[in-house]
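Trainee: Sequence:
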Amino acid sequence: MQNLKTTTARHPLLSASILVAFFIGALLLLPSALSTDESSKLLVRNIYRYAASFLILGLLLKLGWAQGAGLTTPMRDWGRKWAFASVPMLCIGLINFTAVDLGKLEFTLSSTALWVVDNLAAGLFEETVLRA
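Whatever position you read off the sequence shown (first residue = 1), add 102 for the numbering used here.
Please keep in mind that the hints were generated in silico from the structure rather than gathered at the bench.
The model shown is predicted, which means the values in this text are computed figures rather than measured ones.
There may be inaccurate statements among the hints.
[Said to hold, decoys possible] Derived SDA-like pairs: lysine to any residue, alpha-carbon spacing no greater than 25 Å straight-line: (1) K164 x L207; (2) K143 x V218; (3) K143 x G127; (4) K143 x S212; (5) K107 x L121; (6) K107 x L207; (7) K183 x L207; (8) K164 x L116; (9) K164 x L115; (10) K143 x C193; (11) K164 x S212; (12) K164 x K143; (13) K206 x N148; (14) K143 x L207.
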C-alpha cells in the first residue's frame, strides 16, 4: 500500500491517467465479454460500477486521501457558494431533458427502480473514478 501511495505521489498525472483508462476500459469491455443479451450487459455494467466505486472509496480512505478528494470534508467547511457548483450540471440535465420523448416514458415501479439503480451506479462511478 505504501508503494502505491509513493508512486502516485511521485507521478500523479500518469497514475490518474492509468487509473481512469483502466476503469473505463474495463467498463467498456467487461459487459460484452461476460454476457450476450442487453439486460445481462446492463446488470454486469451496474455491478462493475458499484464494485469499482467502492474499491476506489476504500482506497481513498485507506490511503488517507478522502478529505483531499472532498469526501470527508464537513459541510461547514464547504464555503458559502458551494451550491453554485451544481449549476453546470443542472444546465446539462436540462439540455438532456429536451431530447426525451415524453410519449414513450413508462412510470412503472420496475422501470423507475431500474432507472434509479442505473443512474446511481453511473453517478457514483463517475464521481469516484474521476475524483480519485
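Trainee: Evaluate each hint against the coordinates.
Mentor: A quick look at each hint next to the structure:
1. K164 x L207: At roughly 43 Å apart (the allowed maximum being 25 Å), L207 and K164 break the hint.
2. K143 x V218: holds, 17 Å
3. K143 x G127: holds, 15 Å
4. K143 x S212: Cα-Cα ~18 Å, so holds.
5. K107 x L121: holds, 13 Å
6. K107 x L207: violated, 47 Å
7. K183 x L207: Outside the cut-off at roughly 36 Å; violated.
8. K164 x L116: holds, 21 Å
9. K164 x L115: holds, 20 Å
10. K143 x C193: At roughly 30 Å apart (the allowed maximum being 25 Å), C193 and K143 break the hint.
11. K164 x S212: Answer violated: K164 to S212 is near 37 Å, above 25 Å.
12. K164 x K143: violated, 31 Å
13. K206 x N148: Holds. K206 to N148 sits at ~24 Å (cutoff 25 Å).
14. K143 x L207: Holds - the C-alpha atoms of L207 and K143 are around 22 Å apart, at most 25 Å.
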